[in-house]
Every structure is written in structure tokens, then in C-alpha cells.
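There are 2 protein chains.
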Amino acid sequence: MKVGIIGLGLMGGSFSMDIKNIYKKSKIFGLDSSESNYQMSMKLKLIDGKLDDNNISVMDVVLISVPVDETVKILPDVLNKIGNKTLVIDVGSTKNQICKSVSDHKNRKQFLATHPIAGTENSGPNASVSGLYFGVTNILCEIEKTEKYFLEKAMKIFSDFRMKIIYMDSKSHDEHISYVSHLSHVTSFMLAKTVIEKEKNEKNIFDMAGSGFESTVRLAKSSPNMWAPIFLQNKTNLVKALDNYIKNINDLKSKIENDNKNSILIDLNNINRIKKILGGIKNNNEK
Amino acid sequence: MKVGIIGLGLMGGSFSMDIKNIYKKSKIFGLDSSESNYQMSMKLKLIDGKLDDNNISVMDVVLISVPVDETVKILPDVLNKIGNKTLVIDVGSTKNQICKSVSDHKNRKQFLATHPIAGTENSGPNASVSGLYFGVTNILCEIEKTEKYFLEKAMKIFSDFRMKIIYMDSKSHDEHISYVSHLSHVTSFMLAKTVIEKEKNEKNIFDMAGSGFESTVRLAKSSPNMWAPIFLQNKTNLVKALDNYIKNINDLKSKIENDNKNSILIDLNNINRIKKILGGIKNNNEK
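In order, the protein sequences belong to chains A and B.
Counting from 1, position 138 in the first sequence corresponds to residue 121 in my numbering; the numbering is continuous, with no gaps.
Counting from 1, position 68 in the second sequence corresponds to residue 51 in my numbering; the numbering is continuous, with no gaps.
Hints are not guaranteed to be accurate.
Unchecked claim - Covered stretches of chain B, going by a simulated chain A footprint (3 or more residues, C-beta under 8 Å): (1) 118 to 132; (2) 155 to 165; (3) 169 to 183; (4) 197 to 203; (5) 211 to 225; (6) 231 to 240.
No wet-lab data here; the hints were simulated from the structure.
Note that the structure is predicted; figures quoted are calculated from it, not measured.
Glycine residues also receive a C-beta, built at the ideal position from the N, C-alpha and C atoms.
From just these sequences and the hints, can you work out the full model?
Next comes the structure, spelled out in C-alpha cells:
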């Protein structure tokens, strides 16, 4: 299998590892706007050569794993350059504008919009993790616009990766994921910001922080170049989610100010249900 | 060594395990307002018997590991009942009101206010973890009010636990810890609340959440009975921290609404410093 990867970061590099793990004879061709990411990917043997205008047409699959604002810009051009057997997949954390960007493209049927629920807070090709895609949920959007041949090609890979497939329209995807993923990133970034601003002496954070703080700000280590465009592209949904979140924070603040212990206890006990829900998630990921 | 533990939850049960691990011949006597916690602690062999008004005076050490509003209520009475060789330690996440509650007590010199930076999101005696106290930071407050004999008794245990000791006054402790710990708990609880309210169908959360969401809401599984009193007892500091946090969230929201990508990128890049700071924390904990 010949695979092209555009964007040699965590998602692209890990995809290469997982493809090579399953399809031993595959050849991976990579492309990145950063020469050092490209060189690092060659050195790490994540790719076997360069993806370019000459060889893109013979690829079986092209994965697009660049920031979502870049995806919108390059996806139409990629669909122009591919061969008539090439499947194009993107793995962006937003889906609506990406789908819109090629809705009238003559090769729309060769594209599948996907969102694998996978990743870490690290970035760059040397953050690649073997098995990142294995067993995780993958949300596919607007599959009715992908021709059967290409959809089956994609499903074969996802099946080999033992992914759990969910189907959604792109608008619903962006609405739900703004809560379950994008909001977490905002709250984590802003928690880290607030603590850094307070503790001018970083040693205080180092000395006093425990595993709870570390867990809650883990996502604040995430790549700004990846996340700023996600926040902006999912602006409408994210702002609504933030409004609800801010309201909840202000409500709890009032209850604290008014010593309303009973009401706080009722709230926190209700929120504790997340334990059961997350227990389900963990069991799911472990399968 | 004879050790009394008042409050047989995660912190109390784990203390018992770590004491028994280091001092093989120690005997642990426990007390809990919940009969089932007491029975469970006996069953798990976390304790060897009941702590009561008859044997409390012969204890070498009494650990208080109950919610912080309970600590304030029972601490003076505990200091009344102990023998003249008994050291009393509390492990609450607030220190100012606890210190105040016994500032004029005739046995104040036998008490040491501590805050080990240790814990998990789980609670109850069966959440006890062996080694929870080993190697972690322990913040000691107002040590000048603890008599040398009792301070040395405590330091021997902390040294055997290989704890890293920090000294603070109780007001500074509560101010800094409101940012580095209490704020994380509020943001995590409220993130979980916002997502649960949005996703009436909990399967959506189960299906769409990844490890990032799981990490960010981990603290929302924490014990309400422990955390509601902490929020209230550290109200003044926590409300200030929340005001700063809400301001930061609102600022980012405005930047998203105004498509101010450059400013968001500058922010997130600056916040990424938390990676270096937390790297230090991790190395520290691993020592």
C-alpha cells in the first residue's frame, strides 16, 4: 500500500507507525511545511520518501493531518492532484468547514471526513506513538458523499485498526465535540494561565502542585498551532459551550460566597456521575 | 508505635498502610463516624482496633483525616483527650482556620498542621493506596507553635516516608493552594457539569470522549463531602482565584469571537511553559 501523509506531526507520524505495523510492505511518502519535521520523519523512518505532485496520483491513501485551517485551504488542491483510485482522509478535530470546503468538488466522492478520538498533549513527529489509532473511536461524517469503493477502502483500514466507528453529520459532530473536547482544552489552557500569572515564582507551582493539578492542566501543553485554528473554526459552538460553562462557574462561586453548603453538596454529588460514565469510557478504550 | 487515625477514608487508610510498611510492630486504632467505614477498615486490616476516649491518651501519634470543617470542630477536643506524649497531625487541604481553631489551646504545642500533597480522586477506606505518602511534598504550617519534642517525632516519620518538606505560614498556604489545587477542582467539577447538562444522553460522552477529556475531569470524581468544606473554608482566596480565572476565560472567548488568531497564539504559546514547569514536578515526584 502506498500512503501519502500531509502534515508530519503527532497524528501523521503515528498513522505511519500504525500503517507500517499492519501492512508490512507499505511505503509512506510524507510532506510537511517544516523542513525539520520532514528531516526528523525521515530519520525516524516514519516516511520512506517525499510526497510531491508527481507521486501523489499513485497513492492508495492520502492522510491530511495539518491544522484545520490549513486543511480547508489545501484539501481542494489535494483532490485536484490525486489519481482516480486515491482515497483522501482528514483527521481534523472539526468537520463542518472541512466538509464545506469540498462540498462541490468534482472529486468529493474520493474524500472521507474522519475524526479519530486519539491524541496526546505532545506534538511533532518525535511525539509519534505506535498504536495511537488502534481500538479508538473514529467519527465519520457525511459518509453518503463518499463513493462506495473509497468508503470500503477506508473501512478496511479502520477495521484492521480495530476502531469503533460512529456516524454523524458534520454539524452535529462539531456541536458535540465542542463540549467533550474543545471546552476541555480551553479550561485547561486557562487554568494553567491563571496559575502561572499568580505564581510569578514558578518554583511555587513545582513545589505545591500534585497529580490532580497535573492531570487538569495536561491539555495546556497541547500545540497552539493546532488548537487556535480549532477554537476559531468551531467558534459558534465553542462560544455557546463557554457561556454555559461560565454560568456554571459563576453559580458555584455565588454558592461559595453565600456558604450554601447543601446546594454545593447536591451539585457535586450529581457531578460525581461522571465517574460511572468515564468508567464506561475506560472499559471501552481497553477493549 | 501506637497510632490513632480519626477519619478512615483514602488519606487515613493510606496513612495506616504506609505506617505499617515502615514500622512493622505498630498498632493502628481507628475511628470513623461511619460504621461501615470502620468495619471495612477492620476487614481490610487497615486498623487493629477502635480508637476511643480510653486509649487515645496512650497513642504516640493521632492523625486527623476528616473533612476540614469537621477537623475544626473536633481538633480542640482531641487535644483535650490526648496524653502528654501524644503528637496530633492533621492532613487537611486548608490550614488557616484549622490553626486558628486551636491557637489558644493549652496543648497547641502537641499539634502539627500539615498538608501532604498526595491523594487520588477516589475516596473511602477501600480507596487506600500503599505508598501514597512516600516521596511527596508535605507543607508544614506554623511549626514554631509545635514543641521541639513533637516536631521531631513528626519529622522522623516524614523522613522515613522520604517526604520533601516545605514550611509556610497558614495564610500563605491557603492563598497559594487555592490556585494550585482548589481552583483545579472547581474547574474540573464545572467542566463535568457543563458536559453532563449538554449531553442528556450519557452515551454521547461515553462514545466521543477521549483521554484528554478524561484527564481534565478526573478531579470531578472527588468526594463532595471532602471538597465542599474545603471550598467554603478557603472561600476568600478561592473566590479571588475564580475571579482571575473567569476573567481569563472571558478574554479568550472575546478573542475567539473576534477571530484574533495572533493574540490567541501568543497566549497559548506562553501557557505552554506549564510543560517545562510540570516536567520539573514529574521529575521531582519520581525521585
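We went through each hint and held it up to the structure:
1. 118 to 132: holds (count 3)
2. 155 to 165: Satisfied; 5 residues make the cut.
3. 169 to 183: Answer holds; 14 residues pass the 8 Å Cβ test.
4. 197 to 203: holds (count 7)
5. 211 to 225: Contact hint for the segment 211 to 225 of chain B vs chain A: holds, 9 residues under 8 Å.
6. 231 to 240: Contact hint for the segment 231 to 240 of chain B vs chain A: holds, 7 residues under 8 Å.
Of the numbered hints stated above, none is contradicted by the structure.
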